[in-house]
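> Starting from the known structure of chain A, fit chain B onto it as the hints suggest.
Chain by chain, the residues run as shown.
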Amino acid sequence: MTRHRVGGNGDPGDLRIRQLRARQMLRGELEPDDLEAYLQERVGLTTLEKAQNWARANAPWPLTFGLACCAIEMISVVGSPRMDAARFGAEVFRASPRQADMIILSGRISIKMAPVIRRIYDQMLEPKWVISMGACASSAGMFNNYALVAGADKFLPVDVYVPGCPPRPEALMYGIIKLQNKIKGQPDMGWRERYKAHGTEEVA
Amino acid sequence: MPDATGLELIAAGVRERLGDEAVAGTIYHRGQATLEVAPDAVHDALAYLRDDAEEPFEFLMSVHGCDYFPEEPRLGVHYQLLSMQRLDRLGVRTRVGAEDPQVPSVVDMFSGADFQEREVFDMFGVVFDGHPDHRRILMPEDYEGYPQRRDFPMGGEPVLFTFNENEMPRWYE
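In order, the protein sequences belong to chains A and B.
My numbering applies: residue 874 is where the first sequence begins, and numbers increase by one.
My numbering applies: residue 899 is where the second sequence begins, and numbers increase by one.
Bound conformation, chain A alone:
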């Protein structure tokens, strides 16, 4: 969204000019050309989609949901003033999947837990996003054995993978910002850049 400022460069004298012009506009005394200029100055134009995505990207409420030790790092993203996810609108951890926009898979996913997570994910309302946090959720990590699902993307569409064991809170913060960019329609190509897989995105 861009605003075009026509005339005036911010010193106090301009305020008076703008006030007078607003008064003229309300009285209907502006000529068509001036009216056009006035609109360009005062009204920001965008598409509904962009506005919607902008709103969504700035309030991705996560689900109150922790799986293992990564959950501690996730909590410190919300709870500590150093990280303070409220700066990005992601501080309101919702205890109900119906109210959450985003699920952070913070920890190892056992094959017994996977159907539960899938059910929780299905209960969330669209639009919804998934962050796979840490090595375990992304690939079973150090617990690559009979008990775990090797990668949450086997049963969920994952938007952002955060590497680390566990990732530092900064890393998760970075993942959340990447997700925000994705929601805003400016996805970071990430591995697609590396593997030359442009055009395989599922979300346009």
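These are computed hints drawn from the structure, not numbers from a lab.
Keep in mind that a hint or two might mislead.
Said to hold, decoys possible - Below, a sample of chain A positions facing chain B; criterion: calculated Cβ distance under 8 angstroms:
| # | residue |
| --- | --- |
| 1 | Ser953 |
| 2 | Ser1012 |
| 3 | Ala1023 |
Unchecked claim - With beta-carbon atoms standing in for the labels, derived distance ranges:
| # | chain 1 | residue 1 | chain 2 | residue 2 | range |
| --- | --- | --- | --- | --- | --- |
| 4 | A | Ala928 | B | Ile1035 | 41 to 49 angstroms |
| 5 | A | Ala928 | B | Glu1065 | 41 to 49 angstroms |
| 6 | A | Pro1030 | B | Asp986 | 55 to 63 angstroms |
| 7 | B | Pro1030 | A | Gly952 | 50 to 58 angstroms |
| 8 | A | Glu1043 | B | His976 | 41 to 49 angstroms |
| 9 | A | Ala968 | B | Asp938 | 33 to 41 angstroms |
| 10 | A | Ala968 | B | Ile1035 | 23 to 31 angstroms |
Ideal placement from N, C-alpha and C gives every residue a C-beta, glycine not left out.
Here is chain B on its own, set in the frame of chain A:
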């Protein structure tokens, strides 16, 4: 832990009550006393130690399973007992074969053994006769096999890293 002599005295008490064949042996290793009993005598031996022994071991701290592959009999079940009067601990262990492992349940005496016996069943496949709720506890209910046995495959799958991406299937092209 009882010292080696104390362990022999306890073993003598169990033999006196349950007969010689009930006690398979005594192990005193690195200051830890363990009484090895026959599988079908586990319940009676623990009942004796809990109720009738002099200064009884009235608290069952934990139940463990163990796989002694390639030794035979392969599986072991360990009971850790605590006596608050002796201020002392005693291990009781029994060995069963992997083919048809059956051990009497002690849940009727020690209700804390409930989940732990289920876990031993889940991981090693030892069946506890008389357990009130004999199900798997950690693995999914339809899981096949007993994953902590030594002959169970590790599972998992190869992970794509930068160093092995040329050997892995090139899924991205």
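> Now look at each hint and say whether the structure bears it out.
Now the hints, each set against the structure:
no., hint, verdict
1, Ser953, "violated, 31 angstroms"
2, Ser1012, "holds, 5 angstroms"
3, Ala1023, "holds, 5 angstroms"
4, A:Ala928 <-> B:Ile1035: 41 to 49 angstroms, "holds, 46 angstroms"
5, A:Ala928 <-> B:Glu1065: 41 to 49 angstroms, "holds, 46 angstroms"
6, A:Pro1030 <-> B:Asp986: 55 to 63 angstroms, "holds, 57 angstroms"
7, B:Pro1030 <-> A:Gly952: 50 to 58 angstroms, "violated, 42 angstroms"
8, A:Glu1043 <-> B:His976: 41 to 49 angstroms, "holds, 45 angstroms"
9, A:Ala968 <-> B:Asp938: 33 to 41 angstroms, "violated, 51 angstroms"
10, A:Ala968 <-> B:Ile1035: 23 to 31 angstroms, "holds, 27 angstroms"
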